[in-house]
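Student: Sequence:
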Amino acid sequence: VHRRILYGMNELGVTPDKPHKKSARITGDVMGKYHPHGDSSIYEAMVRMAQWWSYRHMLVDGHGNFGSMDGDGAAAQRYTEARMSKIALELLRDINKNTVDFQENYDGSEREPLVLPARFPNLLVNGATGIAVGMATNIPPHNLAESIDAVRMVMENPEVTTRDLMEVIPGPDFPTGAMVMGRSGIHRAYETGRGSIVLRSRTEIETTKTGRERIVVTEFPYGVNKTKVHEHIVRLAQEKRIEGITAVRDESSREGVRFVIEIRRDASASVILNNLFKLTSLQTNFSFNMLAIENGVPKILSLRQIIDNYIIHQKEVITRRTQFDKDKAEARAHILEGLLIALDHLDEVIAIIRNSQTDTIAQAELMQRFELSERQSQAILDMRLRRLTGLERDKIQSEYDDLLALIADLTDILAKPERIQAIIIEEMDEIKRKYANPRRTELMIGEVLSLEDEDLIEEEDVLITLSNKGYIKRLAQDEFRAQKRGGRGVQGTGVNDDDFVKELVSTSTHDTLLFFTNLGRVYCLKAYEIPEYGRTAKGLPIVNLLKLDDGETIQTIINARKEEIVDKYFFFTTRQGIVKRTGASEFNNIRQNGLRALNLKEGDQLINVLLTDGSEDIIIGTKSGYSVRFQEDTIRNMGRSATGVRGVKLRDDDLVVGASTITDHQEVLIITENGFGK
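Mapping the sequence shown onto the UniProt record's numbering, position 49 (from 1) lands on 49, and the numbers just tick up by one.
It is worth saying that the hints were derived from the structure and are not from the lab.
Quick list of simulated restraints, FRET-style, between CB atoms:
1) Asp-654 <-> Gly-677: 18 to 28 Å
2) Thr-15 <-> Thr-360: 36 to 46 Å
3) Glu-204 <-> Arg-111: 50 to 60 Å
4) Asp-17 <-> Ser-41: 27 to 37 Å
5) His-665 <-> Val-234: 54 to 64 Å
This one's a predicted model, so the numbers in the text were calculated from it and none came from an experiment. All C-beta atoms, glycine included, are put in the ideal place defined by N, C-alpha and C.
Construct all of the structure, not just a fragment, from the sequences and the given hints.
Tutor: Here's what the structure looks like:
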């Protein structure tokens, strides 16, 4: 439908140098001549070609309301006007020179092109998105200059690899900008035709005059609806899935996009931003599915295959155009050759014409006398008397000589493939100079962002508290001052009446904390990623920071300061008395969605994790008041995927309630749930 719209607009004369024409007139013409499937689908396709946030280079110049990034629809076609954009002309350049094949339309009354000459690689530049019966395509847009450079690279060096191509076309370039996180997904997609990349909004954290922080979004991922993002963020704040957001405003204008998220004074803007990336469309995935028609057959194509097919098409276009120009020049030269013969024998030609009874007899006499063709003799008969002057003869001779030189040049082009290649490159470079603009989408490499974040955060000693109901927070240690024996102390955290502090860890903002859950998984966070709150605040639900499953709770937090856990071990204890010892080095690379720390039997749960040196004594206590003590090194070292061995033999109704390290010089204090101690 896009091809038919552009061809129909070109035939209708709705070009960039002409006034805009009513959209209803255009869609009606296209529907009546080429696309008898309803005007709504035609208008929707034309509207999309006129939207800057949909097409990297718009092919339609729209006048009126053509929608917005907020998902607003375009005005009815009777109100809007349109014409072709300047770059759209490059897709149809030379279409009247037999450069592409034509076919009859649906009723045989018109002819339409099967493809367009496409003097730049539009499939790459503007991409393609569509769903057909049993198949779909999703090709991202790319930068015009980079796409042309990639085509040129392949033409000049057919041995280039995908890695080589990525030096000039490093990744997609979306009209809405934003950032692509990492390059491995891009390489996989370019190599195979399928893959996925992460798109992240361009954001910055501003500090107001009052010292409060705000998140400002200036670019959204491709295809994201701003209004829906606004509604989603407001809903997350109301449901308290993200705490610390006080207001959300869309301040976008003609000058550009500006989407503002106001942050509470005691909240961490960076942590909230990470949660927004996780929970909203401020960060999305784009899936490549580079399906295209190759020789009439749908096929998944790699980047190199798309470029190779485009080069084949362009060579055919230039060859057919050159042949067309040559045929036209030869036809004109043939006529001029006859005129020159007539001028050289002017008196005799005039005598033949004067003595002939009809023009047919005169034409036959001329053909016989001077061995002329029918077309040449007809041209002589059609020649006006004023062209019989000597000056006109010089003009005809000059034109004839120029045409012979042109024919020789065109013949040379057809005989030399390298000249056809040079013409393709030269004409693409011309398009590049006229229409190319800078890349909008930034490509981010690796995990640079998190390292930069850590460098910007001051290292200080902090306390991490976690309540039984899962509220976590960070406090500066200088919030608490030393008091004498009779001091009353200060409130360290605000919890509800039915909640209490479960874990307290002293650490540094740059340290890594390991969170072990009852389901045997382990997660990690930098201490600075935990938001800082005041002493009386209850904190943030930990599900906003970690991807916990339903029913999954944190059992133990361990400060995994690298220099302190070298050659150390983690000692695991489960509710059913299973124990396991694993080297701490096996937990160096923990993914964002966690890692399996041990395999649990059905119905079992992890109770406790201890950081040990590998040779300590362990004491385990049970619900019924029993305990067992043993040396840790009697348990062999096991891998992460191991289940463990029995550490204590339990009665049928007994369960493990806790475990700890112990030495001969220590005393043991045991406290029951009813407050008794011994």
